[in-house]
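Protein sequences, first through last, are from chains A and B. Numbers in the numbering used here are just positions in the first sequence, counted from 1, shifted up by 1222. Just so you know, the numbering used here puts 38 at position 45 of the second sequence, and the rest follows in order with no gaps.
Hints may contain errors.
One-sided excerpt, in silico: chain A residues whose CB lies under 7 Å from chain B [stated by the list, open to error]:
| hint | residue |
| --- | --- |
| 1 | D1422 |
| 2 | V1423 |
| 3 | M1429 |
| 4 | D1430 |
| 5 | G1431 |
| 6 | A1432 |
By construction, these hints were calculated from the structure, which means they are not laboratory data. All residues carry an ideal CB built from backbone N, CA and C; glycine is no exception.
Below, each chain spelled out in residue letters.
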Amino acid sequence: MRLPFGPIELPPRETFADRESLLAKVMLAPAVLYVAVLVGIPFVLAILLSFSNARAGSLSFSWVGLSNYAAVLSDPTFRRALLNTVIVTVAVQVLVVILATAAAMVFRAAFVGKRIMRFFLLLPWAVPITLAVMAWTWIFDSTFSVVNWTLKVAGLLHGWLYWLGSPTLGLIAIIIVQVWRLFPFATVIVLAGMTSIPQDVVEAAIMDGAGFWRRLFQIELPFLLPVVTVAVLFGIVYTATNMSVVYLLTGGGPADSTHVLPTLAFQRGIEGLDLGQGAAIALFLLPFLLVAAIGMLRIARRSEMGSP
Amino acid sequence: MAAVEIRDLHKHFEGHRAVDGVDLSVEDGEFVVLLGPSGCGKTTLLRTIAGLEEPTSGEIRLGGRVLSRDVPPRARKIAMMFQSYALYPHRTVFGNIAFPLKALHTPRDEIEEKVRWAVRMFDIERYLDRYPRHLSGGERQRVALCRAVVREPQAFLLDEPLSNLDAKQRTTARDELKRFQEDVGITTVYVTHDQVEAMGLGDRIAVMNAGKVHQFGTPAEVYEHPADIFVATFIGLPPMNLLESIEALAPAGMLVGFRPEHFLPRSAFGEDEDVTTFRYHVRRVEYLGSERYLYGSLDAHEDPEKPIIARLPAMLRLEVEADRTHEFAVHSGQLRYFDEESGQRRDPPGAARGRADA
Ligand SMILES: Nc1ncnc2c1ncn2[C@@H]1O[C@H](COP(=O)(O)OP(=O)(O)OP(=O)(O)O)[C@@H](O)[C@H]1O
Ligand SMILES: [Mg+2]
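Build out the structure end to end from the sequences listed, making use of the hints.
Following this line, the structure appears as structure tokens:
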């Protein structure tokens, strides 16, 4: 029997694309180089600096052992900054997860003007952070605060709130801005996660008589957990390492009461020229982030396998 | 338990009529099967009964109560089992089965008791602490059944529940399901496109096509007295043979049909039986062990696209050779007549009896 077409001609020799092991190395090289040069070296440098008495603008330095760490740990400003970092990071994640899930619920439904709303949703993410924080400083301004005026008009406020002039309100302001900045990203992630919830399982829950909250907490959230975990993981890193919001909003004040680790490290290390102490402060972020990352990844893997 | 009444139900998707005027009354405790080809609207009809889809028009009653759009699924007391089972992957078997009871705020010890009752009935007590992903298809199906029945629903809707099982499991599961339904006596609507399943399970079968119910009757009625050409050719494997107007048999504009198993060599009938004989040219013989299929054509009716099929049981040991013309016959009482235009079944014309090829 004759086939209507001839045999397929194989290409005469191996091309570059056929050599997969070489191809893999070539394609990974830029990423490895990037990590080594721009992450690895500065990281090692930071560790070395934290054991030295190096000062910015001078080339002479000597090893001082753990004295930078000792100084930092006995410093109440540092302890306040460490506590603030924890408070802000945790509070922001909790609020972002709640708000993002709620927003994703809304955006999942079909409604008029969804596209426009989605555009507005992503706006905080797209606006340059310095610009956005400038706007927020006006919102929290001691004289012109829109928040205060709104609360007053609504009859909810009788005195006057000096947002950036008090330690507690200052921290709250920082949390508000961080939440505002992060929640669009989290919403997008949760929305993507929602598409992975099998529709028939949700419908089975409806038929089984589960109401909205029972469905949300007992059926849908377990499906969302891996993806929410990723959002929280990113959120922790974003919030804990972010300097610009605090720096621009309160500058760490009043009286150094709203510092977080990055701003304090910047103040001591760069503005105060004490590179060693700055590095030591900044390195306190590391175990904190590491523990968070490992914990989160573990939860993600476990829920992927389906056991609670 | 309650009867389900469906009146002139429509469900349209952007102009596409998925359910197109369905009337159906399912009696209390009855097992009704919706049977039809893929895409004919079976799932849509089931989901509309469940309340997961809002009907475009029409009425559904459960136990006399109208299920309008403001009766949400949870208030309908209907249990539904999905084709994929839709078990909750993050809950154990116990958690899955207990879920509907928890949603009803049943006291804890009552939940325990009911779950035990259900798992004992379906013989899955061993698996209570497992997660669905550690269960086989058949076990999952039984968990899904348990979850559907613990709540003691008024009606039970099943969408192709056996389609994920292999052939052997399916036979056992079918048996179990039927026995369970008879024990509990729940009004059941069961969707399938497998006619063997439909014939075996249903007290009555609703044969659907393109959103309409073509016939609603017992398996015997549907098989023996198909209401129209669609039912005649959809039910039965191989389908009913249809001959276009043979003058000797029927007036013009009528089709004559007979089932392959009624089409046998003339010698298989007694001399004085009332039969209609045909000269049958056999082209091919298929030996299937328990029976033989013959493919061929009638002298009076040549259409190579649509062979006339005869189905000879193994008991009938007559030699039938291919590429020969044989004398075959059908009991005249087994001939069915259909209107060519409308497809509807017609009464047999009184005079048309005798030899077709005379
Ligand atoms: N949500 C929907 N939107 C638009 N069309 C739909 C929708 N759901 C179903 N349909 C259409 O309605 C028709 C009937 O679908 P349905 O799922 O009820 O078929 P079925 O009989 O259950 O088929 P199968 O045996 O393949 O499951 C199909 O043509 C399908 O494309
Ligand atoms: Mg279907």
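So, going through the hints one by one against the coordinates:
{"no.": "1", "hint": "D1422", "result": "holds, 4 Å"}
{"no.": "2", "hint": "V1423", "result": "holds, 5 Å"}
{"no.": "3", "hint": "M1429", "result": "holds, 4 Å"}
{"no.": "4", "hint": "D1430", "result": "holds, 4 Å"}
{"no.": "5", "hint": "G1431", "result": "holds, 4 Å"}
{"no.": "6", "hint": "A1432", "result": "holds, 5 Å"}
In summary, this structure violates none of the numbered hints.
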